[in-house]
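Number of protein chains: 2
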Amino acid sequence: MQNKRTEISEVGEFGLIRRLTDRFPIRNASTVMGAGDDAAVIDAGDKYLLLTSDLLLEGIDFDLVYFPLKHLGYKAVVVGINDILAMNGTPEQLTVAIGVSAKFAIEDLEELYSGIRSACEDYKVDLVGGDTDSSVTGLTIAVSVVGSVEKERIVYRSGAKENDLVCITGDLGAAYMGLHLLEREKRAFAGNDNPQPQFEGYEYLLRRQLMPSAPTTAIAALRTAGIVPTSMIDISDGLASDMLQICRSSSCGVRIYLERIPIARETHKMADELHADPVVAALNGGGDHELLFTVPLAQQSRIAGVGGIDIIGHITPADTGAKLITPDGSEITLTAPGFVERQ
Amino acid sequence: MQNKRTEISEVGEFGLIRRLTDRFPIRNASTVMGAGDDAAVIDAGDKYLLLTSDLLLEGIDFDLVYFPLKHLGYKAVVVGINDILAMNGTPEQLTVAIGVSAKFAIEDLEELYSGIRSACEDYKVDLVGGDTDSSVTGLTIAVSVVGSVEKERIVYRSGAKENDLVCITGDLGAAYMGLHLLEREKRAFAGNDNPQPQFEGYEYLLRRQLMPSAPTTAIAALRTAGIVPTSMIDISDGLASDMLQICRSSSCGVRIYLERIPIARETHKMADELHADPVVAALNGGGDHELLFTVPLAQQSRIAGVGGIDIIGHITPADTGAKLITPDGSEITLTAPGFVERQ
Chain A
5 MQNKRTEISE
15 VGEFGLIRRL
25 TDRFPIRNAS
35 TVMGAGDDAA
45 VIDAGDKYLL
55 LTSDLLLEGI
65 DFDLVYFPLK
75 HLGYKAVVVG
85 INDILAMNGT
95 PEQLTVAIGV
105 SAKFAIEDLE
115 ELYSGIRSAC
125 EDYKVDLVGG
135 DTDSSVTGLT
145 IAVSVVGSVE
155 KERIVYRSGA
165 KENDLVCITG
175 DLGAAYMGLH
185 LLEREKRAFA
195 GNDNPQPQFE
205 GYEYLLRRQL
215 MPSAPTTAIA
225 ALRTAGIVPT
235 SMIDISDGLA
245 SDMLQICRSS
255 SCGVRIYLER
265 IPIARETHKM
275 ADELHADPVV
285 AALNGGGDHE
295 LLFTVPLAQQ
305 SRIAGVGGID
315 IIGHITPADT
325 GAKLITPDGS
335 EITLTAPGFV
345 ERQ
Chain B
5 MQNKRTEISE
15 VGEFGLIRRL
25 TDRFPIRNAS
35 TVMGAGDDAA
45 VIDAGDKYLL
55 LTSDLLLEGI
65 DFDLVYFPLK
75 HLGYKAVVVG
85 INDILAMNGT
95 PEQLTVAIGV
105 SAKFAIEDLE
115 ELYSGIRSAC
125 EDYKVDLVGG
135 DTDSSVTGLT
145 IAVSVVGSVE
155 KERIVYRSGA
165 KENDLVCITG
175 DLGAAYMGLH
185 LLEREKRAFA
195 GNDNPQPQFE
205 GYEYLLRRQL
215 MPSAPTTAIA
225 ALRTAGIVPT
235 SMIDISDGLA
245 SDMLQICRSS
255 SCGVRIYLER
265 IPIARETHKM
275 ADELHADPVV
285 AALNGGGDHE
295 LLFTVPLAQQ
305 SRIAGVGGID
315 IIGHITPADT
325 GAKLITPDGS
335 EITLTAPGFV
345 ERQ
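Protein chains in written order, with the numbering used here: chain A, 5 to 347; chain B, 5 to 347.
Derived by calculation from the structure, the hints in this document are not laboratory data.
Remember, it's a predicted structure, so these values are computed and weren't measured experimentally.
Hints should not be assumed to be uniformly reliable.
Copies of the same chain are indistinguishable here, so a pair counts whether it falls within one copy or spans any two.
[What the hints assert, rightly or not] When the alpha-carbon atoms are kept at most 20 Å apart in a straight line, the in silico SDA-like pairs for lysine to any residue are as follows:
1. K74 with R22
2. K8 with I21
3. K190 with M215
4. K51 with V36
Taking the hints into account, I'd like the entire structure generated from these sequences.
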């Protein structure tokens, strides 16, 4: 421990990782893109290889009280795959390293791996490495995914241009509302020997939280439609934070129209019950595992013909900032927790 | 948690990972080699890409009471690099994902990353991805390393042939003795406000535990000498366990001559002090970060000319088993904790 002490919260998560990785030079010719996008890009001759690593920690990223191990294994793979999709790539290989405490039996780990196997099957990725380690407390899952992409089809966060359309797959806020629902039932069950969960009518929210799927269909549809996005990012921290990442990387502003943000009926209903704003869940909730991307305005009719995608706004010059436009025409500056502007 | 409960200790670490990854088919043509070697092998056209992932957990893999964060960062990189070297590859890219609890300040993480940076510099690898996550307790480090190797130079664990010479880089048991020394001083310091550590004369043991280096020099020397090993493995769990891995993968036996196992003077001295057997430290201690490999008998004179390498035995037919030969000629069957024979 050092003499000067700066709390991590002072710089935010994004500021922290930038500060830590700032002074790392690139030495190898095969390194095309280092830190700062959804995946690293490695030159493999006639194509690019993509590499991403994620860490899932018990008590932070998941709660085993309501997260079945099989679903957790599946979700861990989806999380990694999405980073490869966000570069417009195809996921191909996967390694999983786990740290487990003595509270876990082999049967528990087999449950976890049956979920991993099921995701590998659904997304046609190969498990190519594994490692198990003891842990003092709880379960740690480290997932690395390798994918590939034709060089001319790679998409970075940095390619958004003025007037580009801002598009999104699926809907937002449901995973966050599913989490709230699970947390509420967990509190209700505490000390109750014969719990009766109140999940009826909310199966969609639970599925979004516990059984997320990767938007491979949308990526395939874009390919079929001959569309290569100008920029793309995996929405893992909520629309606001990930939109701001694109704006920063592409040196642009954005106008997002509030009423165009796709929010499921169940998300609205749950938000009503909780006296919460569903738009806040969409903007800052996180956990949606959808893709946010931009396409040239000229491709408007083409993108409109692709199913499962919504156009929610357009790219503006950097000096106009990142704005959310409400139905009455007021402008709200987009902000995100943990996102501190570069000094 | 399931009804039937089998403790992880019942099948051992190696049995566990085999049991978990057993039913995973390979679906992608680019996957050359999945789980079961030091690194995964991915076909990248004119060469192979290598991928390895490791997890380092506080309280299990390191103790921050005596492990400086800067050294820990350096060691985390070395651990990953060694898996690439063990495939006869060149490490090129690295991702680091960390989980940190609130006890860590930014200055602490900067220390950790200064060690990572220093190792990246020494071994010419590029940090291409990073992620930070909160954790409930302690520090978790997940390291993935990507490397490459010419297709004709790749070395697996499975290529050892009868009469091949068994070779080793560096010396064994010192890291384990360094760990014992640190643990002893930690106990002595407990409750002592003004501790005076007793490390004099044992700097080498401490260095092997706290500042390990990757045997890149040996790999380069083999290349210069025109030697491609028939099999190779990173010694991370002690000579016995890793030798048994080669024997199992190559379907062979081995004879290792006890007096030829390279053990440093300081390791002998520390073992005397602790009334311990330095050979046990070499066989089962772990943490040495050296390479164990085999070369054809015909290359005996060539390998003898390469510095920093010892010949410790030779490969035998599978039915003769894995034997340790003592100076008086007795044979001891090689066993390793955590290593349960395949059923």
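The hints, checked one at a time:
no. : hint           : result
1   : K74 with R22   : between (34 Å within a copy, 18 Å between copies)
2   : K8 with I21    : within (19 Å within a copy, 43 Å between copies)
3   : K190 with M215 : within (18 Å within a copy, 46 Å between copies)
4   : K51 with V36   : both (11 Å within a copy, 17 Å between copies)
Consistency with the previously given hints is maintained throughout, with no hint failing.
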